[in-house]
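Protein chains in written order, with this note's numbering: chain D, 4 to 258; chain S, 4 to 258.
No lab work stands behind these hints, which were simulated from the structure alone. Please note that a few of the clues may not be correct.
The list cannot tell twin chains apart, which means a pair is met if one copy fits it or any two copies do.
Taking lysine-lysine and the BS3-like style, the derived pairs with C-alpha atoms no more than 25 angstroms apart in a straight line are [claimed, not checked]:
no., residue 1, residue 2
1, LYS149, LYS17
2, LYS7, LYS223
3, LYS53, LYS11
4, LYS45, LYS235
5, LYS149, LYS201
6, LYS18, LYS7
7, LYS162, LYS149
8, LYS235, LYS201
9, LYS18, LYS95
10, LYS235, LYS162
11, LYS149, LYS235
12, LYS224, LYS95
13, LYS235, LYS134
14, LYS235, LYS95
15, LYS235, LYS34
16, LYS78, LYS9
17, LYS176, LYS19
18, LYS223, LYS34
19, LYS134, LYS45
20, LYS223, LYS78
21, LYS218, LYS17
2 protein chains.
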Amino acid sequence: MLSKNKIKFINSIKKKKYRNQHQCFFVEGEKLVDELLNSDFKVIDLFATKEWIDENYGSLNNICAIEISDDELAKISSLSTPNKVFAIVEQKSISYNIDDVSENLSILLDNINDPGNLGTIIRIADWFGIKNIFCTNESVDVFNPKVVQSTMGAIFRTKVHYVDFAELLNEAKTFDDFNIYGTFLEGKNIYSEQLSQKGFIMMGSESHGISNKWKSFVSKKLFIPNYPIDTKTSESLNISTATAIVCSEFRRNVI
Amino acid sequence: MLSKNKIKFINSIKKKKYRNQHQCFFVEGEKLVDELLNSDFKVIDLFATKEWIDENYGSLNNICAIEISDDELAKISSLSTPNKVFAIVEQKSISYNIDDVSENLSILLDNINDPGNLGTIIRIADWFGIKNIFCTNESVDVFNPKVVQSTMGAIFRTKVHYVDFAELLNEAKTFDDFNIYGTFLEGKNIYSEQLSQKGFIMMGSESHGISNKWKSFVSKKLFIPNYPIDTKTSESLNISTATAIVCSEFRRNVI
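Next up, chain D with everything else stripped away, as it sits in the complex (with noise of 0.2 angstroms):
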């Protein structure tokens, strides 16, 4: 059963504002809940309807589920077909180990404001065994619902930081043999480019590119080629798309 203060509650973290102020964030749905109880992220509530109880009471450990009807779940589903189950869940404090960074791949985004784009970039980097990816403090919330559902379960085993990048990519200047990637218009063909397997992998908002601010930074400028070359196509590929091309050009190598 839930109060309406509940159902208040659980509304106002669908906002970046109060997400943060309260440190949780919500979760929806079989397989994002299955991904999440597998995780060593902490479920501070967990909701659903009694057909999924009885099917996972197993894999509850010391969780606590509370029933709700489908009424009680329609009211609080963001999805259109809501889904059994959904989990309030804390925020966890991510670090990174600067020894790990300097010695792997991570990914870049310079203000990335879709979450749509933000989670299948997730996605992406779980596939290809990225494990940081880095985001403008301007960026979208990586837990905001949206992001979070995008990400089908990724989230809980990648790990996203919003970092000041000026700072990130000065002490990135002092790794050794680590390389800033980058795609520009003007870059080099990535397909015949050697592709290390430790740098940073930066990629722009889809509007504006990589701020000019950054581009200095870049030690390897790329670019994925249309075909035929040179004919009149799109000007640019969505920057999830993108990421995926890349992310799958720098591992086909070394599997």
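The hints should help you fit chain S onto chain D, whose structure is shown.
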């Protein structure tokens, strides 16, 4: 000036039933209208702010632009930030040349539902010079405003056909040296397979994959490996992400 009836009509064609009845669709925003005016699609009506008309007078040819106010624009717009201009455009009856199809790459989408994904895939196809996209009749309508928007103009340069897959796939059996490629969890590593410059690239829906009834037509089963192989990551990639990587792999050796 927009009459109430005109506003009603324009809003009605955001729905498939009325789009089909009137054989037209809705195109919005500077970038898309610019691509529209450079295409062979026929504009029925074009509405724009005074500012836009003053700037674009020269590229209008014989199209009569109707001036509207910002308030009128906001009443029609589907965008969070209304963008100066929109047009009502005639749906074009699109056909394909079977010899052309048998000598090139095409994309086949098995029941794609999400408008954003279809739009993004059209943009990918355009980028990689894939002219024809075939959808099952149950798929989302290409003239849905969200599809049109997310193509970013690629809709005016590619051809999307709604067809009976059984007929098309049976016809493809008669083509010379023609493969039907599909992605499957049990497929072969796409990075090490030889990929032809003619064939069908079949992508299944995100939740159900390629339908059982079409599986037997697939002659080359492919898989995008995750990294490191055999680690626990996301179960799959988003359909437009996967399509981007697959198309990039097909073209990378001939670019």
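Next on the checklist: For LYS149 and LYS235, with the copy left unspecified, which applies at a CA distance of at most 25 angstroms: within, between, both, or neither?
Outcome noted: between (34 angstroms within a copy, 23 angstroms between copies)
Item to check | Homo-oligomer pair classification [LYS134, LYS235; C-alpha up to 25 angstroms] | outcome: Between. Shortest inter-copy distance 13 angstroms satisfies the 25 angstroms Cα cut-off; intra-copy 36 angstroms does not.
Checklist entry - 25 angstroms Cα cut-off: does LYS149 pair with LYS17 within a copy, between copies, both or neither? => result both (9 angstroms within a copy, 24 angstroms between copies)
Checklist entry - With identical chains treated as interchangeable, where does the CA-CA distance between LYS218 and LYS17 reach 25 angstroms or less: within a copy, between copies, both, or neither? => result For LYS218 and LYS17, the Cα distance exceeds 25 angstroms both inside one copy (34 angstroms) and across copies (41 angstroms).
Checklist entry - Can you tell me if LYS176 and LYS19 fall within 25 angstroms by alpha carbon in one copy, between copies, both or neither? => result For LYS176 and LYS19, the Cα distance exceeds 25 angstroms both inside one copy (33 angstroms) and across copies (54 angstroms).
Next on the checklist: When Cα atoms must be at most 25 angstroms apart, do LYS223 and LYS34 count as within-copy, between-copy, both, or neither?
Outcome noted: Answer is neither; intra-copy 38 angstroms and inter-copy 30 angstroms both fail.
Next on the checklist: One pair to classify: LYS224 and LYS95, alpha carbons no more than 25 angstroms apart. Within, between, both, or neither?
Outcome noted: So LYS224 and LYS95 fail the 25 angstroms test inside a copy (34 angstroms) and across (40 angstroms) alike.
Item to check | Homomeric proximity label, LYS18 with LYS7: Cα distance no greater than 25 angstroms | outcome: within (18 angstroms within a copy, 36 angstroms between copies)
Checklist entry - Checking LYS53 and LYS11: alpha-carbon separation at most 25 angstroms within a copy, between copies, both or neither? => result within (22 angstroms within a copy, 45 angstroms between copies)
Checklist entry - For the identical chains here, do LYS18 and LYS95 meet the 25 angstroms Cα criterion within one copy, between copies, both, or neither? => result So LYS18 and LYS95 pass the 25 angstroms test inside one copy only (17 angstroms; across, 43 angstroms).
Checklist entry - Using 25 angstroms as the alpha-carbon threshold, which applies to LYS235 and LYS95: within, between, both, or neither? => result between (46 angstroms within a copy, 21 angstroms between copies)
Checklist entry - Is the C-alpha distance from LYS223 to LYS78 at most 25 angstroms within one copy, between copies, in both cases, or in neither? => result So LYS223 and LYS78 fail the 25 angstroms test inside a copy (50 angstroms) and across (46 angstroms) alike.
The structure fails hints 2, 5, 12, 17, 18, 20 and 21 (numbered hints given earlier, in ascending order).
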